[in-house]
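S.K.: Take a look at the letters that make up each chain.
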Amino acid sequence: MRRTGIVSYWRQYLAISPFFLVFVGFNLIPVFFTLYLAFQRWDGLGDMQFAGLDQFKFLIHDPTFWLSVRNTIIIWVLGTFPMLFVALIIAVMLNAGVRFTPFYRIAYFLPNVTSLVAVALFFFAIFSSSNGLVNAVLHLLHLPQVQWLQNPFAIKVVIALLMSWQWTGYNAIIYLAGLQTIPSQLYEAAQLDGAGPVRMFRHITVPLLRPIILFTLIVSTVTGLQSFTEPQVLFGSTASVNPNSGGPGQAGLTMMLYFYHQAFDNNDYGYGAAIVWALFLLILLFVVINWRLVARSERRGTR
Amino acid sequence: MRRFRAGRAATHLVLGTGVVISFFPFYWMVVMATNTTADIYRYPPKLTPGSHLLDNIHRLLDSIDFFGSMFNTVIVACTTTVLVLFIDSLAAFTFAKYRFPGRNFLFAALLALYMLPTQLAILPQFIIASDLGLAGTLRALLIPPIANAFGIFWMRQYITSAVPDELIDAAKVDGAGFLRQYWQIAIPAIRPGLAFLGIYVFVAAWNDYIWPLIVLVNPDRITLQLALAQLNTAHGTDFSMVMAGTLLAIVPLVVIFAFFARNFIADATKGAVRE
Numbered sequence: 107m108r109r110t111g112i113v114s115y116w117r118q119y120l121a122i123s124p125f126f127l128v129f130v131g132f133n134l135i136p137v138f139f140t141l142y143l144a145f146q147r148w149d150g151l152g153d154m155q156f157a158g159l160d161q162f163k164f165l166i167h168d169p170t171f172w173l174s175v176r177n178t179i180i181i182w183v184l185g186t187f188p189m190l191f192v193a194l195i196i197a198v199m200l201n202a203g204v205r206f207t208p209f210y211r212i213a214y215f216l217p218n219v220t221s222l223v224a225v226a227l228f229f230f231a232i233f234s235s236s237n238g239l240v241n242a243v244l245h246l247l248h249l250p251q252v253q254w255l256q257n258p259f260a261i262k263v264v265i266a267l268l269m270s271w272q273w274t275g276y277n278a279i280i281y282l283a284g285l286q287t288i289p290s291q292l293y294e295a296a297q298l299d300g301a302g303p304v305r306m307f308r309h310i311t312v313p314l315l316r317p318i319i320l321f322t323l324i325v326s327t328v329t330g331l332q333s334f335t336e337p338q339v340l341f342g343s344t345a346s347v348n349p350n351s352g353g354p355g356q357a358g359l360t361m362m363l364y365f366y367h368q369a370f371d372n373n374d375y376g377y378g379a380a381i382v383w384a385l386f387l388l389i390l391l392f393v394v395i396n397w398r399l400v401a402r403s404e405r406r407g408t409r
Numbered sequence: 530m531r532r533f534r535a536g537r538a539a540t541h542l543v544l545g546t547g548v549v550i551s552f553f554p555f556y557w558m559v560v561m562a563t564n565t566t567a568d569i570y571r572y573p574p575k576l577t578p579g580s581h582l583l584d585n586i587h588r589l590l591d592s593i594d595f596f597g598s599m600f601n602t603v604i605v606a607c608t609t610t611v612l613v614l615f616i617d618s619l620a621a622f623t624f625a626k627y628r629f630p631g632r633n634f635l636f637a638a639l640l641a642l643y644m645l646p647t648q649l650a651i652l653p654q655f656i657i658a659s660d661l662g663l664a665g666t667l668r669a670l671l672i673p674p675i676a677n678a679f680g681i682f683w684m685r686q687y688i689t690s691a692v693p694d695e696l697i698d699a700a701k702v703d704g705a706g707f708l709r710q711y712w713q714i715a716i717p718a719i720r721p722g723l724a725f726l727g728i729y730v731f732v733a734a735w736n737d738y739i740w741p742l743i744v745l746v747n748p749d750r751i752t753l754q755l756a757l758a759q760l761n762t763a764h765g766t767d768f769s770m771v772m773a774g775t776l777l778a779i780v781p782l783v784v785i786f787a788f789f790a791r792n793f794i795a796d797a798t799k800g801a802v803r804e
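Chains as they are written, first to last, in this note's numbering: chain A, 107 to 409; chain B, 530 to 804.
No lab work stands behind these hints, which were simulated from the structure alone. It is possible that some hints are incorrect.
Now the in silico label distances, taken between C-beta atoms and shown as ranges [as the list claims (entries may be wrong)]: (1) Asn633(B) / Pro208(A): 32 to 42 Å; (2) Arg176(A) / Gly631(B): 40 to 50 Å; (3) Pro721(B) / Ser114(A): 31 to 41 Å; (4) Phe206(A) / Leu640(B): 29 to 39 Å; (5) Ser123(A) / Gly545(B): 49 to 59 Å; (6) Leu247(A) / Thr762(B): 31 to 41 Å; (7) Tyr643(B) / Asn372(A): 25 to 35 Å; (8) Val113(A) / Ala705(B): 13 to 23 Å.
Just a few of them, taken from the derived set where beta-carbon distance is under 8 Å, the chain A residues facing chain B [as the list claims (entries may be wrong)]: (9) Ile112; (10) Ala202; (11) Ala283; (12) Ile389.
On a predicted model such as this, the values are computed, not experimentally measured, just so you know. Backbone N, C-alpha and C define an ideal beta-carbon position, used for all residues, glycine too.
One chain only, chain A, in its complex shape:
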C-alpha cells in the first residue's frame, strides 16, 4: 500500500529530479570530495596518495597562506563596513519621500549588473599609471600622487573601492525595501516627543531594520571573503611565471586566488582543497560572529 503510494507520485519526483541530480552530482558530492582531497596528495594525473593531516600541517606553517588570510580580511573590512553604512544613509534619504525615486533606484542598481571583469579593467585603467585619471585629479588638487597598484595598502584600497562601487546601490535598495515596511506613525510619534533625525535613526530605523542589516552583512561576508576576480584581473598572471601573483608584494593575493594558483596552476589538488576548506571555516566563523553581534545588540536594545 505504502509503496504504491510513493510510486503514484512519480511525476512529481521526475519534475524535481533534474535539479536534484545536478545538486547531488555536482554540488553535494563535490563538497565532500573536496574534504576527502584535503587529506590526499594528488596532481590530478597520477595516483592519489593518502597524506593524513600533512596538507593542514603545511597550511599552518605556510606564510603565503597567512598573508592571503590577512589580505582577504583587510579587503573585506575595507570593502564592507563603509559600504553598508553609506548604503543605509542613501536608503534613508531615498525613503524621505524624494521625487525621482525610480530613477535613483535604476541608477544605483546598474553597477551591480555590470560585469566584474569589466569593472576591474576600468579600475585598472584609471588607477594604474601615474598619468591615470585618479592621479591626474590628485595632481589637480595639489595632492601627492599615489602608486595605487604598487603600494600594498593602496592595492587593498583599490579592490575595496571596486567592491563598494558594485555593491553600495544594491544594498541601499535592499535597505530601502525594508525601510518602507516601517510604519510612518512611529516617526511621527517620535517627532512629537521632540526626537531629531539622528535619534530617530538610532532608535527607530536601525533596530527595526536589524534583520535586513543582518541579511546584507551575511551576503557581504560570503561574497566578500570569496573575492577572486578583482585581484585576478587587476594583476592577471599565473603563479608559475610570476612570483608576485596578486600584485606587488602579493598584497592582493586573496585566499580564493591562492587556492586557484595552488589547484590549477600548480596542480596541487590536495593543498588547494585544504585552502578552500580553511576559507569555508573562515566564512562560517565570520557569519557566526555577525549573527552573535546583531543578536546581542538586539537583546541590549530591548532592555
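Go by the hints and put chain B onto chain A.
M.R.: Same frame as chain A, now just chain B:
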C-alpha cells in the same frame, strides 16, 4: 518651511553625487574608448568623447576574436536561461502546489545548498567535468547554473502567491494532468516572475568568470569575460583598445537591464525583505 526645503536640497545633492559616481565609469569608458591612449594619459587629460572609436575597435578585432567570444557568451547565456527557467519553474511548481513524501526534507536540503559557498565544490566540479569529457567545451558552462537553489526558492514563493489553489483544483476537476496544470495554468500566471528570474540568470551567465576560467582549457573556445581579461594581460597599456572592448561587452547587458529595470529591482528586493 525653509529649513525643510534646505534639507531636501541637501538630500538631492547627496543622492545626485551617488548617481554621478554610479554613472561616471560608464562615461569615462566611453571617453577612453573614443580617444587615443595618449590623449587620455597626458596632463590634463581629454575629458570628452573623441572620434577614435573605430580605430580602437579595429585594433581590438585584430588582437582577439572579440565577436567569436561574444557569440559563445550569447549562446551560453541564452541556453542557460531557457534551461534554468524550465527546470526551476517546474520544480518550484511541484514544491508549491503538491504534497508528496519527502517534500519537506528535500526542500530543506535545497535551502542548505543555498547557504553553502559555491567555491567549496569547484575543484571536484572541474575533475568531474574533465572525466565527462566536458572540459574545454561550452556545454560545461551549462551544468552548474542548473543547481540554482535561489531560483527554486524564489520561484516557489512567487508561485504560492501568484497561482491560486482554486485554479489548480478547477483544472484537476476538468481532468488536466500534472503537466497540463504546469503548462496551461501555472506558466501563464507566472510570466512576470519568469521574466525576473530569466534576467537574473542571464546576467549571471553573461558575467560569470571563475568557472569558465577553470573549465575552458581550450583557448579557441572562450567567453567574452575571458577574452576581456586576456586582452588586458596581453595589451594592458593600450587602454583605449581595452576600454573599447569593455564598452562593447557591457552595452548589451546595460540595454537589457535598463529595459526591464523597474520590475526587476522590485522583485530582487522581495526575497531579502521577506526573510
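S.K.: Taking the hints in turn, state whether each one holds.
M.R.: Consistency of the hints with the structure:
1. Asn633(B) / Pro208(A): 32 to 42 Å: holds (39 Å)
2. Arg176(A) / Gly631(B): 40 to 50 Å: With a Cβ separation near 45 Å, Arg176(A) and Gly631(B) satisfy 40 to 50 Å, so the hint holds.
3. Pro721(B) / Ser114(A): 31 to 41 Å: holds (33 Å)
4. Phe206(A) / Leu640(B): 29 to 39 Å: holds (38 Å)
5. Ser123(A) / Gly545(B): 49 to 59 Å: holds (51 Å)
6. Leu247(A) / Thr762(B): 31 to 41 Å: holds (32 Å)
7. Tyr643(B) / Asn372(A): 25 to 35 Å: Holds - the Cβ-Cβ distance for Tyr643(B) and Asn372(A), about 32 Å, lies within 25 to 35 Å.
8. Val113(A) / Ala705(B): 13 to 23 Å: holds (21 Å)
9. Ile112: holds (6 Å)
10. Ala202: For Ala202(A), the interface hint holds, since the closest Cβ of chain B sits about 6 Å away, which is under 8 Å.
11. Ala283: Constraint on Ala283(A) satisfied, holds at 4 Å.
12. Ile389: This interface hint holds because 6 Å falls under the 8 Å limit.
Violated hints are absent here; each numbered hint is respected by the structure.
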